[in-house]
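J.: Each chain, written out:
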Amino acid sequence: MKRKIILDEKDIPKQWYNIQADLPNPVPPPLNPGTGQPITPDMLAPVFPMNLIEQEVSTDRWINIPDEVLEKYLIWRPTPLYRAHFLEKFLGTPARIYFKNEGVSPPGSHKPNTAIAQAYYNKAFGIKRLATETGAGQWGSALSFACNQFGLELKVYMVRISFNQKPYRRIMMETWGAKCVASPSPDTNAGRKFLAQNPEHPGSLGISISEAIEDAVTSKDSRYSLGSVLNHVLLHQTILGLESHKQLASIGEYPDIVIGCAGGGSNFAGLSLPFVRDKIHGKKVKIIAAEPASCPSMTKGSYQYDFGDTAETTPLIAMYTLGHNFIPAPIHAGGLRYHGMAPIVSRLLMDKLIEARAYTQLETFSAGITFAKTEGFIPAPETNHAIACVIEEAKKAKEEGREKVILMNWSGHGIIDLAAYDAYLSGKLQDYVLPDDDIKKLLKDLEKFPKP
Amino acid sequence: MNIYCNQLGMLIEFTYCTSMNEGLPCRNIIGCWKERTDIIALLREKFSGGELRKVFSGPPKSRIERIVESIKKED
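In order, the protein sequences belong to chains A and B.
For the first sequence, position 324 matches number 1040 in the working numbering, and the numbering has no gaps at all.
For the second sequence, position 41 matches number 131 in the working numbering, and the numbering has no gaps at all.
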């Protein structure tokens, strides 16, 4: 029985697939709330090079992958497609489960699929250095690798709490030559403001984003880079779905179900968009985005043009949200929304071309452990959401006695996230009700933190 | 007391969840902690209605919104 389906280097896809050419309903552009008109490419020019902005708005179905990008992709691509025989056997399912192993890239995730492309396009546009933010460090390390490959400088603003507690990601970035600083940093106005309030400020993703953009806008020959959500990011990620399509075709298979985890939507979209195209053209395939139950962007909410705040001052963009007039009284489930999903993915959900499911933290770690114990590879915690969904579908196939073909994106390995596994295995992540004494202690702890 | 933060990809303490937003809670705090404690009661006890409204009213900002907002600031 074949375990790995390997695509020869000469068969690597030479074009990315742009779903915007095939969408039954186009993704509405983000609007300027001041004018109600779409945000124009020149408004984004201070932070992105024009060649990437052109991809952001392109409706060309296929976009050629430059030779310089293909050359770098070949460092780790094409990635292997695995048949998960041992997981199938463990579950006793008649389903045939395949997983695309994106964990074999140098930084260990799917992220360099767009990092390499973005570094190339910035360099081609004459940019000398990039700035970005990173939370967990996955994107920062991918862009560090990519910038090193193309001789670009990179500065990464890493959320301080993560900078202090996840040294290995920082070391990866520095190994590839990037400058990684704890955010808030003394290097920007935004960072200095927060440090003045609290010199030990733990940081947040929002602060890091502000610092990276300020850096890009105010530094010579610099631009900003983002590893999720945007259309051109999803475009670059389609390389992995196109490879999977070819690999399955080479063994005469086609998936009944395609599954990816969805935070910002890039790895899910990368795997699924070529199959969404088939679905638009009549193919029967179920496509599922698996998201965290704690921040269910897609499993709750409504699709609408929306303001980012009640003052109606921020730009409009089509997203899954609750609506800007929502006021919690008392605190409403609106507090659960996460506004980070890619507009293309939101559009596909609205048009019922994909579906979304939410999984709890414990479900996902349990699934990840099952995967590691059967297939051997330790998944990244976010990948575990997709695995939880695969296991659910494989069990369903067993109940129905149907030989379904399930395809999953194994978006990254968890070797640098072992602390999370340790917490799960030692019971620290168990869902339990806190005793009153613990709650009192927590309330007391809160006294230490200043309020605005 | 730890929880795995999906946004930061790491274990964090409860105190971070309650203070990371300029002294106010993360807007994902309810979804993340509701299984472990009566987080809504706890938030009501600790924060004023105005503070909670500031955190939870309206949808959270998307990345693209943050980007355009930051560009405007630099202008």
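Since the hints were made in silico from the structure, they are not lab data.
None of these values were measured; they are calculated from a predicted model.
Please note that a few of the clues may not be correct.
To be verified - Derived pair list, reagent style DSSO-like, types lysine-lysine, alpha-carbon separation capped at 30 Å:
1. A:Lys895 with A:Lys962
2. A:Lys839 with B:Lys124
3. A:Lys844 with B:Lys144
4. A:Lys936 with B:Lys144
5. A:Lys1111 with B:Lys163
6. B:Lys144 with A:Lys909
7. B:Lys144 with A:Lys1089
8. A:Lys730 with B:Lys124
9. A:Lys1144 with B:Lys163
10. B:Lys124 with A:Lys1144
11. A:Lys839 with B:Lys144
12. B:Lys136 with A:Lys1112
13. B:Lys124 with A:Lys844
14. A:Lys1000 with A:Lys1111
15. A:Lys999 with A:Lys718
Claimed, not checked - Now the stretches of chain B that chain A is said to cover, found in silico as 3 or more residues with beta-carbon under 8 Å:
16. 99-112
17. 118-130
Using N, Cα and C, we set each Cβ at its ideal position, and we do this for glycine too.
J.: All hints are to be evaluated individually against the structure, with a verdict given for each.
T.: Results of checking the hints against the structure:
no.: 1; hint: A:Lys895 with A:Lys962; in the structure: 38 Å, violated
no.: 2; hint: A:Lys839 with B:Lys124; in the structure: 46 Å, violated
no.: 3; hint: A:Lys844 with B:Lys144; in the structure: 39 Å, violated
no.: 4; hint: A:Lys936 with B:Lys144; in the structure: 36 Å, violated
no.: 5; hint: A:Lys1111 with B:Lys163; in the structure: 51 Å, violated
no.: 6; hint: B:Lys144 with A:Lys909; in the structure: 20 Å, holds
no.: 7; hint: B:Lys144 with A:Lys1089; in the structure: 45 Å, violated
no.: 8; hint: A:Lys730 with B:Lys124; in the structure: 47 Å, violated
no.: 9; hint: A:Lys1144 with B:Lys163; in the structure: 41 Å, violated
no.: 10; hint: B:Lys124 with A:Lys1144; in the structure: 16 Å, holds
no.: 11; hint: A:Lys839 with B:Lys144; in the structure: 41 Å, violated
no.: 12; hint: B:Lys136 with A:Lys1112; in the structure: 44 Å, violated
no.: 13; hint: B:Lys124 with A:Lys844; in the structure: 46 Å, violated
no.: 14; hint: A:Lys1000 with A:Lys1111; in the structure: 20 Å, holds
no.: 15; hint: A:Lys999 with A:Lys718; in the structure: 26 Å, holds
no.: 16; hint: 99-112; in the structure: holds (count 12)
no.: 17; hint: 118-130; in the structure: holds (count 9)
Figure legend: structure checked against the earlier numbered hints; hints not met, in rising order: 1, 2, 3, 4, 5, 7, 8, 9, 11, 12, 13.
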